[in-house]
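Trainee: The residues making up each chain are set out below.
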Amino acid sequence: MAELTLVNPYPDALTGVEMRYCPGCTHGTAHRLVAEVIDELGVKDRTVAIATVGCSVYAYEYFDTDAVQASHGRGPAVATGIKRVHPDSVVFTYQGDGDLASIGMAEVVHAAARAENFTIIFINNAVFGMTQGQMAPTTLLGQKTTTSPRGRTVAEAGHPIRICELLDTLDGAAFLAREALTTPARIRSAKRSIRRAFETQLAGAGFSLVELLSICPQWWGMDVLEAIDHVEDTMIEYYPVRVFRDRLGEEEGGGDA
Amino acid sequence: MREELFMAGLGGQGVNLAGQLIARAGMDLGLNVSWFPIYDPEVRGGSSTCTVILTDERVGSPTSDHPTSMILMSADAVGRFADRAVEGGLIVINSSLVHEAPACHACRMLMVPANEIAVEIGNDRTVNMSLLGAWAAGTGIMGIEDIAASLRAMLPERHHHHMPDNEEALRRGAAIGRSACLGDD
Amino acid sequence: MPKVVIDAERCKQCMLCVRYCPRASLRLSDATTSKGYHPVEQHDEEACTGCAICALVCPSVCIEVYR
Amino acid sequence: MSEQRQRVLITGNEATAEGGIAGGCRHFFGYPITPQNKIPEYMSEHLPPIGGVYLQAESEVAAINMVYGAAAAGARAMTTSSSPGISLMQEGLSYMLGTELPCVIVNMVRGGPGLGNVAAAQSDYWLATRGAGHGDGRCITLTPYSVQELHEFTAGAFEIADRYRNPVCVLADAILASMMEPCELLPRREPSPPERPWAVGPHDPAERERNIVNSLWVDHNLMEAVNLRIEERYRQAAEEITDWEEFGSDDPEVVLCAYGISARICESAVGQAAQAGVRTRLIRPKTVFPFPRAPYARWAERVERMLVVELSMGQFVEDVLLSVEGRCQVDLLGRAGGSMPTVADVVERVVALAGKAGGH
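Residue numbers (the working numbering), protein chains in the order written: chain A, 121 to 377; chain B, 80 to 264; chain C, 9 to 75; chain D, 98 to 457.
Bound-form chain A, shown alone (with noise of 0.2 Å):
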């Protein structure tokens, strides 16, 4: 009987230490692929995780590399201030809607508008999770949150934000995609998506960011499986997933690989 061999070796960009995340929780899927990237590209020992504010807090507990914890939506402006003085780092911020879209949008567009070579992981479950189930700008209409008890509406709380669509009217941006953390196959997909955005960034591109449509049972008031379909059902629908734009890929003359 032929030796067997360990097909998925847990990555080493990653600590070991247990994520404190809710179960089924996409954010550690996110975790893994972003690893599984920093791991085939080589990159460990000059990547700088920046972790914000949010679930993933403790993201530089969970990412074995270097790492600086920015405060509330400031991720990019941290990120920007390293990549000035180590343009040779490789340095990824990892922002959820509401740091992001909420009250960090200034920094995020005017990174991308800057051109700033790094990459953005952003997280895109719809609503404020560590806060304990908020309305998010990203929160869908109709969508019930601990804000929006009724469901959002537009006369109370306008429409939904699409951060892809808005940061691609932006010349600075060179890698934008919106994946889904859903199926098998859309799993691959995004990481695919992650490693284009980091390779992004090791040729000096520009601004990468690659959003990835996760779930929140706990805060949706689903169980997981429920969660899942609900992205599929419902918030594919109003964020479409696909790469919005590869610079990398235009250069080399040829569409997505």
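FYI, nobody ran anything at the bench for these hints, they're computed from the structure.
Computed from a predicted structure; not experimentally measured.
Positions of the beta carbon are idealized from the N, C-alpha and C atoms, including for glycine.
Do not take every clue at face value.
[Stated by the list, open to error] Cβ pair distances, simulated, as ranges:
#1 Asp144(B) to Asp340(D): 27 to 33 Å
#2 Asp38(C) to Glu357(A): 38 to 44 Å
#3 Trp223(D) to Gly162(A): 35 to 41 Å
#4 Gly91(B) to Asp288(A): 46 to 52 Å
#5 His178(B) to Asp340(D): 51 to 57 Å
#6 Tyr331(D) to Val127(A): 52 to 58 Å
[Stated by the list, open to error] With a Cα cut of at most 20 Å, we get these calculated SDA-like pairs of lysine to any residue:
#7 Lys43(C) to Val137(A)
#8 Lys11(C) to Gln338(A)
#9 Lys164(A) to Gln426(D)
#10 Lys11(C) to Val137(A)
#11 Lys11(C) to Leu126(A)
#12 Lys164(A) to Pro299(D)
#13 Lys11(C) to Lys164(A)
#14 Lys43(C) to Asp343(A)
#15 Lys43(C) to Pro129(A)
#16 Lys164(A) to His300(D)
#17 Lys453(D) to Cys425(D)
#18 Lys164(A) to Asp301(D)
#19 Lys11(C) to Asp343(A)
#20 Lys164(A) to Arg307(D)
#21 Lys43(C) to Glu53(C)
#22 Lys43(C) to Gln338(A)
#23 Lys383(D) to Val138(B)
#24 Lys164(A) to Arg305(D)
#25 Lys453(D) to Gly434(D)
Based on these hints, arrange chains B, C and D on the given structure of chain A.
Mentor: Using the frame of chain A, we list chains B, C and D on its own:
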């Protein structure tokens, strides 16, 4: 020795540059100096002011409640500031724009037709220079060659062809300053 | 024969691996973890092809696949 | 033009910017606000040609966080602003205190509260010495009173920030920012900060463990330990860098207390009061956190009255009161909103106080 020079005029008359020239010349003469623009909060709009302190002691306050000398380049400046001068102080006035000397009997007045002089020289940018020349002669703190030297130092190279006009304006102003001082004595 | 090793103590019973296993070889066990979850176990080792989809979808990063 | 100590006539803003460069700053992040715009302008002109980075942030909030990132990455980083912009930076400063990172910020204070005006004020004294956002930390705060000191203090601030791993605030005002004085320029120092074993960035894993720059300590014991460490550094700083200047009579009837631009006015008042027959002495702090308590305590034993002159309605006076501990009477001449007392105003108060003092 402590000279507190206050200058006021219209935007574009070169008030601030003129003040910096005096400060620079003072520095080069080994004095302690300061130059400060717009200290009076009521100074707004098209007017500009600055205060230059020249002293052989500590400068202390860079502002002046009662200047020992003034260069007032517009009617508005005369109306607003002339009465602040210290008793026995010197007021240099641009008589091209100010037709009546202010009623400030305790001061020495130097009336300099700065705009006319500039027209005669054929260079509108020299208005502030004849006033500085008169001030230098009137106070005796520095010579016009000191002011010309600091102008040469502060003026970008590409404007150095204006130097002869400026030096001429300084001389004409100084001539007015000297004659008036002789008259006073 | 491929092998799936589940770190039961880290399993949070989210059921994603159970749902997506193409061979339906996984199920909840009767055991209870220190956090009170019933961890997933492989009940049909014969069916497993070692495709690692279970590990791909596992947010707790607690499944190892040997092949 | 290349001699070591060049003497030039420059504005306070330019002297500050050049001071930053002289102090080894090669990373500047800022956002325009009057009356300090000459600083970012100067940096944008002078930093890139010497391999430095000038970046105009989208806001003061972003600017201080860029400084935070650059400092975490080990650079000597700096930002400058004026009152409303400094308000916006409080959050970032608090994070830098919590992560024990060095940086230099300059506040050219203007009249307030609110949008205020662009005249000189000293009403950010509390913001500077008590502030730095939420939590139990403060900025080490330097108070230059001349263009020369703006230059030297800004340059020196980087050393202090490094030594105590704490943000250092250079607290000045709209007049010092815009006035010109002769300034002997320090040579531009190469950016060679001391070893920063805590900085993030590319590294050889054989040489160090990974670094985490973090201020989240859910365990209150760990959080308190950070505070105690910071507090110990403040105690050290109080011993090592507290600085002030005294000027005037050795046998004063009234002691004048002022810093920054107010001290300039008081310096003139010392002379004019003497002409009016009143002996005065000025105590002028060059650091206000740590605060020079000793000279105030010493003179409080020997005079009946002190007069505090500040461009605010009673902020600086509190530190004087804490220093004299009731041993003498402390009066306040405060002006606000960009207004300033004249030298004559100060002399008038001094003469009146001397009269009272003599009456006892």
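Trainee: Each of the hints needs a verdict: does it hold here or not?
Mentor: Against the structure, the hints:
The supplied range of 27 to 33 Å is met by Asp144(B) and Asp340(D), whose beta-carbon atoms lie about 30 Å from each other. About 39 Å separates the C-beta atoms of Asp38(C) and Glu357(A), a value consistent with the hinted range of 38 to 44 Å. Between Trp223(D) and Gly162(A) the beta carbons are some 51 Å apart, a value that contradicts the proposed interval 35 to 41 Å. For the pair Gly91(B) and Asp288(A), the beta carbons lie near 48 Å from each other, so the given range of 46 to 52 Å is met.
For the pair His178(B) and Asp340(D), the supplied restraint of 51 to 57 Å holds, since their beta-carbon distance comes to about 55 Å. The supplied range of 52 to 58 Å is met by Tyr331(D) and Val127(A), whose beta-carbon atoms lie about 55 Å from each other. Restraint check for Lys43(C) and Val137(A): the C-alpha separation of about 16 Å stays at or below 20 Å, so the hint holds. Using a Cα cut-off of 20 Å, the hinted pair Lys11(C) and Gln338(A) is violated, with the two alpha carbons roughly 32 Å apart.
Distance restraint check for Lys164(A) and Gln426(D): the Cα-Cα separation of roughly 64 Å exceeds the 20 Å cut-off, and the hinted pair is therefore not satisfied. As the CA atoms of Lys11(C) and Val137(A) are separated by approximately 24 Å, the hinted pair breaks the 20 Å bound. Annotation: proposed proximity of Lys11(C) to Leu126(A) holds, straight-line Cα distance about 9 Å (limit 20 Å). Between Lys164(A) and Pro299(D) the alpha-carbon distance is near 9 Å, which keeps this suggested pair within the 20 Å criterion.
For a cut-off of 20 Å, the pair hint linking Lys11(C) to Lys164(A) is broken: about 29 Å separates their Cα positions. Proximity of Lys43(C) to Asp343(A) is assessed by CA-CA distance (about 18 Å); at most 20 Å being required, the pair is judged to hold. Of the pairs offered as hints, the one joining Lys43(C) and Pro129(A) is violated, with about 25 Å between alpha carbons and a cut-off of 20 Å exceeded. Of the pairs offered as hints, the one joining Lys164(A) and His300(D) holds, with about 10 Å between alpha carbons and a cut-off of 20 Å not exceeded.
Under the criterion of a C-alpha separation no larger than 20 Å, the hint pairing Lys453(D) with Cys425(D) is consistent with the structure, at around 13 Å. Restraint check: the Cα-Cα separation between Lys164(A) and Asp301(D) comes to about 10 Å, which is no more than 20 Å; the hinted pair holds. The straight-line distance between the Cα atoms of Lys11(C) and Asp343(A) is roughly 29 Å, outside the 20 Å bound, and the hint therefore fails. A hinted pair counts as satisfied when its Cα atoms are at most 20 Å apart, and Lys164(A) with Arg307(D) qualifies at roughly 10 Å.
Of the supplied pair hints, the one linking Lys43(C) and Glu53(C) is violated, its CA atoms being roughly 26 Å apart against a limit of 20 Å. A C-alpha spacing of about 17 Å is found between Lys43(C) and Gln338(A), which places the hinted pair at or below 20 Å, so the restraint holds. At most 20 Å may separate the alpha-carbon atoms for a hinted pair to count; Lys383(D) and Val138(B) meet this at roughly 18 Å. A hinted pair counts as satisfied when its Cα atoms are at most 20 Å apart, and Lys164(A) with Arg305(D) qualifies at roughly 13 Å.
Among the hinted pairs, Lys453(D) with Gly434(D) is inconsistent with the structure: their alpha-carbon atoms are about 30 Å apart, more than 20 Å.
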